[in-house]
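Participant: Sequence:
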Amino acid sequence: MSLDYDGDGDTDLYVANDTTPNFLYRNEGGRFEDVGIEAGVAFNAQGRTQAGMGVDVGDVDGDGRSDIFVTNFSYETNAIYQSRTGGFFMEGSVSTGIAGVSLLPLGFGTHFFDYDNDGDLDLFVANGHIFSNVKAFSLAESYLQMDQIFRNTDGRFEVVSAGVEVPGVSRGSAIGDLDGDGDLDLVVLHSGQRARVFRNEGGNSGHWIAVKLVGGMQQMRQGFSNRDGIGAVVHVSAGGKIQVREVRSQSSYLSVSDLRLHFGLGNARRVDRIEVRWVSGRVQVLEDVGVDRVVVVEEIDVP
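Quick note on my numbering: the sequence shown kicks off at -18 and runs consecutively.
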């Protein structure tokens, strides 16, 4: 997973590993150095390795820094590494309410997304065991498991009944506004089963805005960003809150989601400011933008 965890303007890399310490590769000008252990993202809160499956990155507490979420094997809680100053993280699965409800499920695909458009990031986890005969050696577990949606309530996550609680052997997952109604829908792939589409009904009660980036490289001009704007960071200011998203082509588990960035705005009726920081170094600003719409921003040669 790509992210700029230290805010220095270049792309770092996070790798969730299976039974070995996770990696956090800090970009040192084109060379990468693993700082996972010293940054606090290599182990769980007890200092043990876990069996990482899926990963996503998002600012769950609104401090402008990237937090990291990792799904893990059964009898290992999922991990949320909350960013702190100085490039360090604190594992917060217990304090955020994730630990207990993620102990038995085996998580794979996962997403930070604002499913109810209230202005903060909620969480989806796709669950399913890898052993079809798991009941033979663990009565508490099952092969078919239910997916989970966690609602973000002031930084603490609560499992909500949102219609995704259908037993299955979930693996990959992707998000996007499939029906264009202003809220994010889910597509979940399964092992040996049909894919499922969960259409969000009611998540658009709050206002929203989506940002689609088009990099200047579409015109084959040197010094511009890639066509899809991958790596660009977007700040949206509305209703007294600043939300930050980065365009990423990878997320979840073996999946790619819609590259448009979706921001729930709650009761805000206008967006005060949209700031786009392209990977080329250019910065574009839009002000006083209407809500409940998709805004297309094309990279231009700005001073």
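Treat the hints loosely; a few may be bogus.
[Claimed, not checked] For each label pair, taking beta carbons as the anchor points, the in silico distance ranges come out as: (1) F112 x G10: 15 to 23 angstroms; (2) G67 x G10: 31 to 39 angstroms; (3) E182 x G(-12): 35 to 43 angstroms; (4) L85 x N248: 23 to 31 angstroms; (5) R132 x A176: 38 to 46 angstroms; (6) D135 x T66: 17 to 25 angstroms; (7) N248 x V82: 25 to 33 angstroms; (8) D282 x S186: 22 to 30 angstroms; (9) R132 x G(-10): 27 to 35 angstroms; (10) L240 x S142: 26 to 34 angstroms; (11) G67 x D269: 33 to 41 angstroms.
Bear in mind the hints are in silico, worked out from the structure with no lab data behind them.
Just so it is clear, CB atoms sit at the ideal spot from N, CA and C, and this is done for glycine as well.
Participant: For this structure, which hints from the list above don't hold up?
Facilitator: Violated hints: 1, 2, 4, 5 and 8; rest satisfied.
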